[in-house]
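A.B. asks: Chain by chain, the residues:
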Amino acid sequence: MNVPALRLKDIVKTFPGVRALDGVSFEVLPGEVHALLGENGAGKSTLMKVLGGIYQPDEGQIFIEEQAAKMASPLDAKSKGVVFIHQELSLADELTVAENIYLGELPRKSFGRVDWAELYEKSGAILERLNCGFTPQTRVGSLSIANKQMVEIARALTVEAKAVIFDEPTASLTDAEKVVLFDIINDLRTQGVGVVYISHRMDEIFTISDRISVLRDGSYRGSLITADTNEDEVTQLMIGRSLDLTHAIIPNDLGEVALSVEGLSCGSLFQDVSFELRAGEVVGFYGLVGAGRTEIAETLFGLRTASAGTIKISGDVVRINSPIDAISHGISLVPEDRKEQGLILGMNCRDNMTLPQVGDLTNGPFVSSGQEIAIFDTYYEKLEIKTPSWKQQAGNLSGGNQQKIVIAKWLSMAPKVLIVDEPTRGIDVGSKSEIHNLIRDLAAQGYAIIVISSEMPEVLRVSDRVIAMFHGRIMREFSAAEVTEDTLVQAISGIHADKNST
Amino acid sequence: MNSENLKSFMGKGAIWGFILLELIFFSIAGEFMSLSDKAFMDWDNMLLLFKQSAPIGIIALGMTVVMVNGNIDLSVGATFALCAVVMLDSMTWEIFAGLGDWVIPVAWALALITGMVLGLINGLIVWKTGVDAFIVTLGSMLGFRGLVFMYNGENPTSHLNWTLVDMAEADILGIQTPTIILLVCTVLIWIVMTRTVHGRNAYAVGDNREAAVNAGIRVGPHMVWNFVLIGFLAALSSVVFYSSSGSVNPNDGTLYELWVITAVVLGGTKLAGGSGSVISTLGGVLAIQLLRKGLGHIGADTAMVNLVIGLILIAVLFLDQQLNRKGKQELKV
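These protein sequence lines map, in sequence, to chains A and B. Going by this note's numbering, 389 is the number at position 389 of the first sequence; the sequence numbering is gapless. Going by this note's numbering, 7 is the number at position 7 of the second sequence; the sequence numbering is gapless.
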C-alpha cells in the first residue's frame with residue numbers, strides 16, 4: 001500500500017510582512033521515517049503548527065490517507081491520527097504517568113468517577129509496548145527528562161496514530177537515551193506508522209531517516225533518499241546558493257584589544273572559552289541552539305557567574321557579578337528576546353532609551369526631560385528609527401525599530417563592547433539588512449561588537465571573524481576570508497571536529 | 001487628538017467619569033428616595049467625603065506605588081492598627097511624662113517610624129528570599145496583627161489628649177487636616193512617580209523586571225524603598241485617624257488591605273504592575289466613598305453597599321478587559 005499516511009499540498013501561510021510558508025508540499029508514507037530539515041526560520045515550526053491545527057493555512061490542503069482533512073485544533077489533529085512529540089514537554093509533574101497519558105480523556109465510570117483500573121491497565125499496556133522501566137503509578141515529576149519524553153510518546157500512542165511528528169526530540173537527551181528513542185521510532189516504523197522527524201543534527205538524521213526533505217525561506221527545496229546522499233549534499237540544499245555575496249565584508253582598521261576572554265567556563269553550559277575582540281571588529285558566534293553562545297553573553301553581562309576564567313577589558317582584569325558591574329565596565333547586551341529582556345513594552349521610546357542612565361540625567365531631584373529628548377533625537381536620526389514621536393509606546397513599534405531602540409539605549413552610553421544576541425530575530429526581511437548595515441557601521445565607528453546568531457547568512461554578512469560553537473565549546477575560529485558554509489555547518493554539528501580543529 | 005491619545009485619556013479619565021455619574025445619580029435618586037431633605041451634592045457633604053476617604057486613601061497611594069512596582073502589600077491593615085497602638089500608648093509612657101503636649105510629635109514620630117520599620121521588614125524579606133510579596137505580606141499581616149493582640153489582649157488601647165484632637169479636627173477654609181494630608185500626599189507621590197528616577201524605575205521594574213535588571217537597575221533595594229513608603233503611609237493614615245478618635249480596638253483596620261486594593265484597582269492600576277497613577281487611585285478612593293455615602297443617602301444598609309461595590313468592581317474590570325484587550329489573536333487562557 002503506497003497511500004501516503006499524511007500529505008500536505010501547496011501550503012501557504014503569511015503573517016504581516018512575512019510569507020512564512022510559500023507553497024510547501026510534503027508527504028510521509030506509512031512505515032517511513034521522513035526527516036524534515038531547515039535552518040532556524042526556514043518555516044519548519046510554522047508548517048508543523050499548520051499541521052497541528054494551531055494555524056489555519058491561507059492556501060493548500062492536508063490529506064490523511066488521501067482523505068482531505070481540516071485541522072481545527074490540536075485535539076482535532078490528534079483525533080485524526082496526527083500526533084506530535086514536542087521539543088518542550090507539556091506534562092503535569094504532580095500527576096502520575098497514567099493520568100498524564102490520558103490527560104483530558106480519562107476513562108470514566110458512572111457519576112464521572114475515574115475508572116482507575118482501566119486507566120492503569122491501558123496505560124500499562126502502552127508503557128510495555130515502549131519498553132519503559134517505570135509503572136503507570138509513578139509521579140511524572142520524579143522521572144528523568146528522557147523518561148518524560150517516553151510519557152509524551154506514550155500519550156501519542158493512545159490513539160490509532162497514522163503519523164507521529166517528532167520535533168527536535170533529542171534536544172535534551174543523553175546519547176544512551178537517544179538509542180532508546182531510536183528503537184521506539186524503529187518500532188513505530190515497523191508498525192506502519194508514518195514518522196516525521198525534525199532535527200538540526202545531521203548525524204541523527206542519517207541514522208534514523210529513510211528520506212530527507214529540506215525547507216529554506218519558507219519554501220520546499222527538494223527531497224533526498226537518505227541512502228543515496230551524503231552530508232555535503234544535504235548541507236548545500238539547506239543553505240542554498242542564494243546568499244547575497246555582494247556584501248563582502250570590508251574590514252575596518254582594527255584598534256586596541258577591547259575584550260579578552262581566557263578559559264571562561266560556566267558549569268556545564270560552556271567550558272574553556274577564549275577569544276579576543278578588537279575595537280572596530282565584529283566577531284560572530286555561530287552554533288545550534290543550546291551550544292552555549294547566549295550563555296557566554298549572559299556571563300559577560302553578569303547575569304551568570306563564571307565558574308572559571310578571566311575577563312579583561314582594555315587589558316585590565318575585571319570582575320563582573322551583575323549587569324551593573326558589566327555596564328560600568330562598558331559591556332552592554334542587546335538580548336536575545338527583545339520583548340522579554342530588552343524593552344519595557346508599556347513605556348515610551350524615550351524612557352526605554354534612557355533607562356540605564358536616567359539616574360544621571362537629572363535636574364535637582366527631577367528627571368530632565370530636555371536631556372532625555374536630546375538623547376532620543378540624536379539616535380532617532382542616527383539610527384533612522386521610525387516612530388511618530390518619542391511618546392509612542394515601545395510595544396507599538398515594529399520589530400526592527402524596537403531593536404534599534406534597544407541598540408540606541410546602549411550606544412548612548414558609549415560602551416566598549418556591544419553584544420548583540422540574535423540581532424534580527426522576529427524582524428522582517430527588509431529591516432534585517434538595515435540592522436546588518438547598522439552593525440557594520442557601528443564597527444566602522446570603532447565599536448567592538450559580538451554578534452550571536454543562529455542564522456548563517458546573518459553571521460557571514462556581518463562578521464570579520466566567526467567562532468563556531470558546539471556543545472559549549474569553541475570548535476573552530478574562521479576569518480571572513482576562509483569561512484565557507486560547508487565548513488561552518490560541519491563545525492557546529494560536531495562533524496569532522498578533529499580533522500578541522502586548529 | 002489621535003486615537004492613541006484618546007484611548008489613554010479614556011483610560012485615565014474613566015474613573016472621574018464614573019464619579020460624575022455617581023454624583024448625578026445620587027442627586028436625582030436622592031430627590032425621590034432620601035429621608036433627609038438636604039441635597040446630596042452639598043458642600044459640607046463633599047468636604048466630609050474627602051475627610052472620610054483619607055484613611056483608606058492615604059494607604060491606597062502607597063499601594064499604588066507598590067502595585068505599579070509589581071508587588072502587593074496585604075499587611076497594611078495590621079500596620080495601621082499597630083501604629084495606632086504605638087502612638088496612643090506611647091503618650092502615657094513615664095519617660096515622656098515631662099514633655100507635656102510635646103509628647104504629641106514624639107508619639108507621631110514613633111508611630112511613623114514603626115510603620116517604616118514594618119515596611120522595611122516586608123521589603124527585606126521580599127528582596128532577600130525572593131518569595132512572592134503576596135505570600136510574604138500575607139504572613140506579616142497575621143504576624144503584625146498578632147503583635148497588636150500581644151500588646152493589650154482583646155482590650156482597646158485608649159488615650160484622649162484634647163490638644164491632639166483639636167489638631168486633628170482643625171481646618172483651613174473648612175478643609176480638615178485629614179483631607180489636607182491626603183491631597184498633599186497625592187501631589188507629592190504623583191511628582192515622585194512621574195518626575196523622578198525612582199518613579200521611572202518603579203514603572204520599569206513592574207512592567208518587565210528582567211529588562212529592568214538588564215538595564216542595570218538595582219531591583220531589590222528599589223522594591224524595599226517602596227515597602228518602606230507604604231509602611232510610612234499606613235502609619236500616617238493611622239496617625240491621622242487616631243489623633244481624633246483616641247482609641248484603637250485590636251481588630252481595627254481589618255480588611256483595610258482589601259478596601260485599599262479595591263480602590264487602587266478601580267482607579268485602573270494593573271495587578272500585574274507597570275501601569276497605574278496615584279491620581280486615578282484618588283479617584284478610585286473617592287468613587288468608593290461616594291458609593292457608600294450615596295447608597296446610605298438613599299436608604300440602603302451596609303450589607304447592600306458591600307454587595308453593590310463588589311458588583312461594580314467586577315463590572316468595571318470586565319469592561320476594562322473588553323476595551324483594552326490588545327488584539328483578538330491574544331491567547332485565551
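Honestly, I wouldn't trust all of these hints.
[Said to hold, decoys possible] Result set (DSSO-like, lysine-lysine): computed pairs, CA atoms no more than 30 Å apart in a straight line: (1) A:122 to A:178; (2) B:270 to B:128; (3) B:270 to A:391; (4) A:432 to A:391; (5) A:339 to A:382; (6) A:386 to A:416; (7) A:162 to B:270; (8) A:416 to A:432; (9) A:339 to B:293.
No lab work stands behind these hints: they were computed from the structure.
A.B. asks: Does each hint fit the structure? Answer for all of them.
C.D. replies: Hints versus structure:
| no. | hint | in the structure |
| --- | --- | --- |
| 1 | A:122 to A:178 | holds, 26 Å |
| 2 | B:270 to B:128 | holds, 25 Å |
| 3 | B:270 to A:391 | holds, 21 Å |
| 4 | A:432 to A:391 | holds, 25 Å |
| 5 | A:339 to A:382 | holds, 23 Å |
| 6 | A:386 to A:416 | holds, 27 Å |
| 7 | A:162 to B:270 | violated, 47 Å |
| 8 | A:416 to A:432 | holds, 24 Å |
| 9 | A:339 to B:293 | violated, 45 Å |
Of the hints listed earlier, those the structure fails to meet are numbers 7, 9, in rising order.
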